[in-house]
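Listed here are the chains, written in short residue letters.
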Amino acid sequence: MILTIQNVVKRYADHTALAGVSLEIPKGCIFGLLGPNGAGKTSLIRIINQITAPDEGQVFFDGELLQPKHVEQIGYLPEERGLYKKMKVGDQLMYLAQLKGLSKAEALNRLKDWFIRLDIKDWWNKPVDDLSKGMQQKTQFIATVVHEPKLLILDEPFSGFDPINANMLKDEILALKERGTTILFSTHRMESVEELCDSIALINHSQVVLTGEKDEVRNRFKKHAYEVRYSGDLGESKSYEIISKAPENNSAIIKLAQPDETNSAIAALIKQVDLFEFKEVIPSFNDIFIQVVGETK
Amino acid sequence: MNKILLVIQREYLTRIQKKSFWIASLLGPLLITAIYAVPIWLATQDKEVKRIEILDESGSFQATDLVDKEVEFKLVNKPVSDLKGSFSKEGYTAFVHLPKDLLTHSEDIKIYSEKNLSLPLKSSIERVIEKKVRAILMKDAGIASEVYEKTQVEVSSETITVSEKGDETSSSSGGAMILAGVMGMLLYITLLLYGSQVMNGVIEEKSSRIIEVIISSIKPYQLMLGKILGVGMVGLTQFLLWIVLTIGLSQVASTFYAASPMKQKVEQIKKVDPEVAKKMDDASPMAEVTKVIESTNIPLVIGGFLFYFLFGYLLYSSLFAAIGSAVESTAETQQFTFIVMLPIILAFIMAQFTMQDPDSTMAFWASMIPFTSPINMMVRLPYGVPMWELATSMILLVVGFLGCSWVSARIYRVGILMYGKKITVKELAKWLFYKG
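Going line by line, the protein sequences match chains V and L. For the first sequence, position 91 (counting from the first letter as 1) is numbered 1015 according to this note's numbering, and the numbering increases by one without interruption. For the second sequence, position 231 (counting from the first letter as 1) is numbered 1380 according to this note's numbering, and the numbering increases by one without interruption.
Okay, chain V solo, but in the shape it has when bound:
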């Protein structure tokens, strides 16, 4: 485990941001931290970054109790991000890289590599003010990963990115994962969760309400519903019930009476109609999110 969070509690004057949160994040995965706005995601991220300290509970990084030295192994891209506007891009990245513990020579070497790789050599001496928003986002991303952190924390990384930069970012994230970096990635955009994450945790009202590997979570939320396409007249049967019917494209959603007894359902169906398609309905993370958040209100 790169990160083990045990019973973390964080209270503010007028509310409790985290009420006993426990999580385990395995090495080398992309971990989605989901939850509606105000659920406590940012509070948890700030604790992992040691920006604030928990009131109760403990956090372990790579098996050790979280300590100041660990900041050098964590990269953090906050949701609200910015740079020193008047400072030159090169100076700024050198400063941020050295704050993360790189030596001057090493910071310079690595930054040169990044500038060559992203083909942005002529930015080095430009003040940040002169860069477009997309260019600033690239600069920020370099600042987040230049010290090659073991754990990368991205808070709503795609917000404000245009599709081209979002794609570049996605490729970079996958490339970092290939090299063994663990990525903790907080979002409420479910499409990026489906696309990128290996595991998720859903936080609502200051508590973890759902956690697990992506496919396992999906399976948990299966309703044993199947989509069928057919021709003929579909009637009731004791092996399934019809949840909805769409006669205009000859399809329907059915729910099996006995989970996993697909063969008997198919047998019942082919007695009534000509069956073209029989497909399990896999719940989307959007549905799961809405369902779980709704249930835990």
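Mixed in with the good hints there might be a few duds.
Partial list, derived from the structure: chain V residues whose beta carbon lies under 7 Å from chain L [unchecked claim]:
1. N973
2. I975
3. E1004
4. R1005
5. G1006
6. Y1008
7. K1009
8. Y1019
9. L1023
10. K1024
11. W1048
12. P1051
13. S1116
Calculated directly from the structure, the hints in this document are not laboratory data. Just so it is clear, CB atoms sit at the ideal spot from N, CA and C, and this is done for glycine as well.
Given chain V's structure and the hints, the job is docking chain L onto it.
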């Protein structure tokens, strides 16, 4: 520690790379030099001599009585109505009408001019008339003019400070007052100037949102400390540049003075009259400066200045940093900056009284309380302060700084992450007791 150095380095370099820093560094000494050089330069310029007509109905004046450096008088004998029409056409600035009964009604003198007379010209005219009228009145009263001359004494004194051991030093009250005033002013300006630079730096980091990235690498107090020290070093650099440039420019200015006709004139006068020469030397600013240097403990004053600048700056700039952290833009800072500026302004006002009576009870307390002590102790120092008072004041200032920076650091660490909330003073007080 290494990371604080990085912050200091960034704060320092980004500021001294700005054009505005160099403009201020160059303009400062130029202004100081100009304050001294311009009056000297103006004095070397020949003044235009004003011409005045005098209609003397009393008959007391002869042409020989009417001599003045800057004014040329001419006695005339024409009716007032004629003079009114003619004086300006004939190139006179004004004409003066002296009534018949001048000796008894000296307030009836009338000066006619086209434009308002300048005050110095009016007093030159009055001085000349006064002198003559007084001489006539003296004579009438039976006082010989020699007796009158003898009674014209000028009193001047030399002040000497006596230490407990009985050592005597010739002191300079005027010089000490000037030195005190300059130092108080300098501290006042720099505390406000560099304090608000720290505040704006904090606001910049918060409003550009880079703050969260930075404090994921270092602790908030490290960032705050680095910023305060970096800006403080910019302040010291500026002092140094000012001192070096002012000395340099004064050298240049005095070289020019030595080669100027003014200098030759002064030398001529000195040769003719040794007594005048001595008086001139005593009154020149250089003599006053030399006297101050001889009579004050210069290392103590310079050391004191650096100490009170450093700790006064540290105390106030940490408060300014706390304010910067609590707001989101410079526009919102007013109500809070006022709270911090109030003691600085108060200290400066108190310093005006301290300067006049450096040993009063008020001056004593003003130089002990950490918020007012930097300016007030600096004002007292050139007059001489007992060692125990100085030591107590310094210790209290350091304690005050530690207390303020504790308060500030606690407000700062909460404030920098607080957005979209209208902050009140009560709210700030609550932040002091937040955990972690």
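| Which numbered hints fail | Failing hints, ascending: 11, 12, 13.
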